[in-house]
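Q: Listed below, chain by chain, are the residues.
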Amino acid sequence: MMTEQVVGETAPPSVVRQTVRSIGYLKESPVAVIGTAIVVFWSLVAILAPLISPFEPTATILPFARPLTPAPDGGRFLLGTDQLGRDILSRIIWGSRTVLIYAPLATFSAYLVGVMMGLAAGYLRGSTDSVLSFVSNVILSFPVLILYILIITTIGPSGLNVVIAVTFASAPGIMRIVRGLVLDLRNREYVAAAQTRGESAWYIMLCEILPNARGPLVVDICLRLGYVTITIGTLGFLGLGLPPPRPDWGGMVSDIRALAPAFPHMAVFPCLAISSLVLGLNLLADGLREISLRD
Amino acid sequence: MENHMTRQPLLEIENLAVSYFTRAGEIPAVADFNLRLDAGEAVGLVGESGCGKTTVAMAIMRYLGGNGRIVDGSIRFQDRDLTTMGKEELRQLRGSAIAMVYQEPMAALNPSMTIGAQLMEVPRFHDGATHAEAYERSRELLADVKLADSARLMAAYPHQLSGGQQQRVVIAMALLSNPKLLLLDEPTTALDVTVEAGIVELIRELAQKYGTGMLYISHNLGLIRDTCDRVCIMYSGRAVEMGSVRQLFEQPRHPYTQGLFHCIALPSTDKLARPLKPIRGQLPLPHQRPPGCSFAPRCDHFAAGTCDTPGLKMHEIGGGHEVRCERWRDIDKDAVTVTAPAEAAQAVGEEVISVNDLSKYYAVRDRSVAAMITRRRVRYVKANESLTFTAREGETVAIVGESGCGKSTFAKVLMGLETATDGAIEFQGKDIANTDVQQRSRKQVSALQMVFQNPFDTLNPSQSVGSQIGRVIRKFDSSTDRSKVRSRVVELLDLVKLPRDFMHRRPRQLSGGQKQRVGIARAFAGNPSAVVADEPVSALDVSVAAAVTALLLDIQRRNRTTLLFISHDLGVVRYLADRVVVMYLGRVMEQGTTEEVFSPPYHPYTEALLSAVPVADTRVRKKRIILEGTLPSPLNPPKGCPFASRCQRKIGDICDTTPPPVLASPSGHAIACHIALAELAEVEPVFTVEQADAAE
Chain F
1 MMTEQVVGET
11 APPSVVRQTV
21 RSIGYLKESP
31 VAVIGTAIVV
41 FWSLVAILAP
51 LISPFEPTAT
61 ILPFARPLTP
71 APDGGRFLLG
81 TDQLGRDILS
91 RIIWGSRTVL
101 IYAPLATFSA
111 YLVGVMMGLA
121 AGYLRGSTDS
131 VLSFVSNVIL
141 SFPVLILYIL
151 IITTIGPSGL
161 NVVIAVTFAS
171 APGIMRIVRG
181 LVLDLRNREY
191 VAAAQTRGES
201 AWYIMLCEIL
211 PNARGPLVVD
221 ICLRLGYVTI
231 TIGTLGFLGL
241 GLPPPRPDWG
251 GMVSDIRALA
261 PAFPHMAVFP
271 CLAISSLVLG
281 LNLLADGLRE
291 ISLRD
Chain C
1 MENHMTRQPL
11 LEIENLAVSY
21 FTRAGEIPAV
31 ADFNLRLDAG
41 EAVGLVGESG
51 CGKTTVAMAI
61 MRYLGGNGRI
71 VDGSIRFQDR
81 DLTTMGKEEL
91 RQLRGSAIAM
101 VYQEPMAALN
111 PSMTIGAQLM
121 EVPRFHDGAT
131 HAEAYERSRE
141 LLADVKLADS
151 ARLMAAYPHQ
161 LSGGQQQRVV
171 IAMALLSNPK
181 LLLLDEPTTA
191 LDVTVEAGIV
201 ELIRELAQKY
211 GTGMLYISHN
221 LGLIRDTCDR
231 VCIMYSGRAV
241 EMGSVRQLFE
251 QPRHPYTQGL
261 FHCIALPSTD
271 KLARPLKPIR
281 GQLPLPHQRP
291 PGCSFAPRCD
301 HFAAGTCDTP
311 GLKMHEIGGG
321 HEVRCERWRD
331 IDKDAVTVTA
341 PAEAAQAVGE
351 EVISVNDLSK
361 YYAVRDRSVA
371 AMITRRRVRY
381 VKANESLTFT
391 AREGETVAIV
401 GESGCGKSTF
411 AKVLMGLETA
421 TDGAIEFQGK
431 DIANTDVQQR
441 SRKQVSALQM
451 VFQNPFDTLN
461 PSQSVGSQIG
471 RVIRKFDSST
481 DRSKVRSRVV
491 ELLDLVKLPR
501 DFMHRRPRQL
511 SGGQKQRVGI
521 ARAFAGNPSA
531 VVADEPVSAL
541 DVSVAAAVTA
551 LLLDIQRRNR
561 TTLLFISHDL
571 GVVRYLADRV
581 VVMYLGRVME
591 QGTTEEVFSP
601 PYHPYTEALL
611 SAVPVADTRV
621 RKKRIILEGT
631 LPSPLNPPKG
641 CPFASRCQRK
651 IGDICDTTPP
661 PVLASPSGHA
671 IACHIALAEL
681 AEVEPVFTVE
691 QADAAE
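As you go down the protein sequences, you meet chains F and C in turn.
According to the working numbering, the first sequence is numbered sequentially starting from 1.
According to the working numbering, the second sequence is numbered sequentially starting from 1.
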């Protein structure tokens with residue numbers, strides 16, 4: 001019968017090569033490169049904290065030392081010390097662990113809930129959609145900060161509770177994004193093909209629809225990691241973060257609030273740490289978006 | 001001045017080369033392109049997607065976007081070189097001396113502005129007309145493009161118009177500044193065939209009235225035959241043949257042009273008289289073009305040493321007919337290459353699907369005060385109304401109709417994505433009309449599968465081809481043995497004639513035709529006894545569509561599958577269907593064997609539908625019936641015959657008030673019409689084929 005000759009090309013693409021190639025795409029956007037560099041820098045700092053921090057983060061040595069003051073037992077307080085005599089550089093280094101553990105954890109947890117809600121609302125429509133949308137609108141109508149204060153003061157400050165609070169406050173926003181994407185994707189013919197072979201609703205949502213929504217969601221995850229970093233800083237500043245004496249960037253600023261005019265170094269360096277990490281995440285998000293828009 | 005204008009070509013393109021600059025480097029889209037267009041002349045630019053025809057139009061408009069550049073050659077318009085023109089000069093020219101009509105009318109109109117405001121912008125911007133003048137001229141042009149009630153339309157927003165009306169408005173807008181050159185980029189591709197016929201008629205009339213030069217871009221040779229004086233065939237970025245419509249249609253010289261004609265299913269002939277012969281292979285990617293002739297890898301007349309030398313030129317072969325083929329003298333256009341002998345019609349088996357009085361209504365809640373007073377708060381869209389027909393084993397039944405006729409709704413009910421309001425569908429002895437797909441047994445689901453329309457949408461982009469086919473096998477066979485599933489996937493890829501290593505590929509690495517083949521493999525994975533194909537080739541290029549159609553038919557014939565083929569392309573329907581069901585506004589207008597439906601007696605709607613099909617054969621004479629008006633709203637269907645509001649053979653009030661009786665001949669050919677069968681039988685056939693000798 002009639003044949004069609006097809007241009008051949010062999011070898012299944014390996015997962016490793018695909019990953020290397022997609023990382024290679026990052027190089028195309030200078031913004032993404034800078035963002036990645038900052039995020040990688042802070043990740044390394046958090047991992048290597050025991051090796052690179054010059055002092056114990058909780059050791060009280062010499063109060064009110066300005067930056068570059070020599071320490072009594074040798075070495076220098078490169079960024080100075082706080083009112084209790086703890087080395088600020090070491091506290092920032094150890095504090096990066098708090099942020100880099102709880103920010104991804106909270107974001108991940110918020111995504112888990114938000115994505116499930118969004119998939120259900122967008123795919124099942126009808127009353128499921130009405131109920132979920134109503135709940136999320138109610139949550140979104142509260143000022144975020146009041147929501148955090150309400151939740152943390154009710155269940156008490158702890159790392160886990162920060163995760164719960166962030167999940168509660170962010171999941172509705174994520175649900176809206178996912179719902180919008182699903183409303184578009186559910187009309188694709190491959191979804192109809194899955195329906196006509198009698199696949200279950202959850203299979204269609206998780207295996208047919210979700211993987212194709214990943215593009216915009218990856219960008220949003222980067223942005224949201226930045227927001228959560230700020231949130232954790234804010235909660236620390238309000239005294240709702242991790243209980244002392246664990247170093248925490250927001251908490252560091254909060255502790256010396258009254259002293260900041262006289263000893264600006266105590267406030268400036270922790271703030272710079274927060275800003276640089278958030279900036280890094282935002283640049284990465286911008287870069288990813290830029291790359292995804294190119295052909 | 002006038003004399004000078006007529007002697008000078010309106011548009012002269014010389015050695016044009018356009019490239020796009022992307023991640024992968026420079027991609028040459030058009031190379032060595034020459035075209036001359038005189039004032040008042042209509043030239044067709046034909047080719048498959050990716051051949052560079054739209055790039056040529058965009059280069060003329062200088063709208064190449066951020067990464068496209070003219071790298072060589074000149075485009076002279078009225079003796080001014082467009083390639084070197086400044087931004088301000090171009091802006092003056094665009095929309096006034098050169099205007100363009102795009103494929104998607106809805107995208108060309110601003111949805112937040114009234115039609116009037118958008119039309120009036122043109123004379124106000126380009127000619128500095130006053131508000132009153134602009135209004136008057138806009139209204140005149142709306143009347144010129146045959147839009148009745150122009151005053152009301154001026155105040156309407158684009159979404160209040162039908163697709164055909166919108167495209168008429170876009171054409172009016174293009175003509176408002178009285179352009180010398182009109183570029184039409186597939187202006188009717190998004191429209192239904194009966195609407196298309198009206199637009200084509202309009203374009204031809206307007207070109208004569210205004211003396212506008214036209215460059216008509218299309219992939220449809222039939223349309224070009226109806227609208228143009230000269231044709232240029234493009235392949236892989238180059239013009240391969242150019243000449244008058246008559247020269248090119250009667251004596252195509254380039255093997256590609258000949259191949260194109262062999263790929264088109266004509267509604268005037270059937271498969272026995274003229275079997276389709278697809279062009280093998282596919283369009284080479286721009287950076288994989290062979291040296292010399294780009295068509296060489298797909299050509300039956302390839303000669304090493306001749307066809308693979310770089311820099312092949314166009315040869316003038318007399319009367320302005322040019323061809324870019326070194327071997328044109330050696331190729332006999334009439335030589336019929338050996339094709340598979342057309343298979344005799346198969347004996348059909350038992351009834352597999354029996355649709356009985358099926359209706360599907362969608363409820364629409366009306367919350368207006370008027371509805372509350374009249375207590376008619378719920379109204380119904382009657383998407384399907386009393387459908388009755390059967391399909392037997394090994395039979396191909398085509399369901400034909402324009403968009404909105406309810407054919408896709410029927411497919412949904414059949415597949416169990418919707419349940420019927422009334423009536424029954426008997427499938428393998430059980431009524432499934434009211435059984436949702438989730439409630440159907442695995443055997444029922446696997447026995448009834450579907451091939452979808454859009455190749456870019458039919459496969460999940462994030463799963464490999466193998467895993468998508470494999471999923472279906474696991475679902476229906478419930479076998480989890482990996483090697484078994486794998487060997488079945490290989491078997492299916494062989495069945496649709498795709499290389500086995502496609503298993504590991506992602507859909508984005510496949511061409512449209514290849515994706516559609518995977519879609520077919522997926523549908524046949526569960527050994528179905530019936531397959532619904534919803535316009536499976538309408539989005540594919542002609543040469544690929546022919547191959548996919550042939551493949552689908554071949555598999556169907558071998559498995560003795562019942563095929564329900566939903567389509568609006570009557571050429572393809574004539575080619576492959578055994579029986580045809582013609583639908584209009586949710587109801588069956590006519591059904592019978594293909595032979596019966598394509599010859600008198602016709603239902604008046606079938607007659608109009610047939611006459612609207614552009615036929616790419618200069619020997620075929622066609623009756624011209626242009627339908628007026630638009631499809632009535634299915635919310636408010638006519639009381640009598642649904643087609644009465646547009647019917648060209650309406651006999652009187654009875655058509656509006658009484659539903660037509662179904663007139664059936666003993667053979668099973670049924671027509672729903674008030675006109676007597678005997679009278680309909682006397683109607684002249686839509687297609688008459690002239691003798692080949694008489695045409696010469």
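Hints in this document: simulated from the structure, not taken from any laboratory.
Honestly, I wouldn't trust all of these hints.
[Unchecked claim] Cβ-to-Cβ under 10 Å is the rule here; a few derived chain C residues that face chain F:
1. Glu426
2. Gln449
3. Met450
4. Phe452
5. Val472
6. Gly519
Glycine included, every Cβ here is placed at the ideal spot set by N, Cα and C.
Q: Tell me the hint numbers this structure goes against, listed in increasing order.
A: 1
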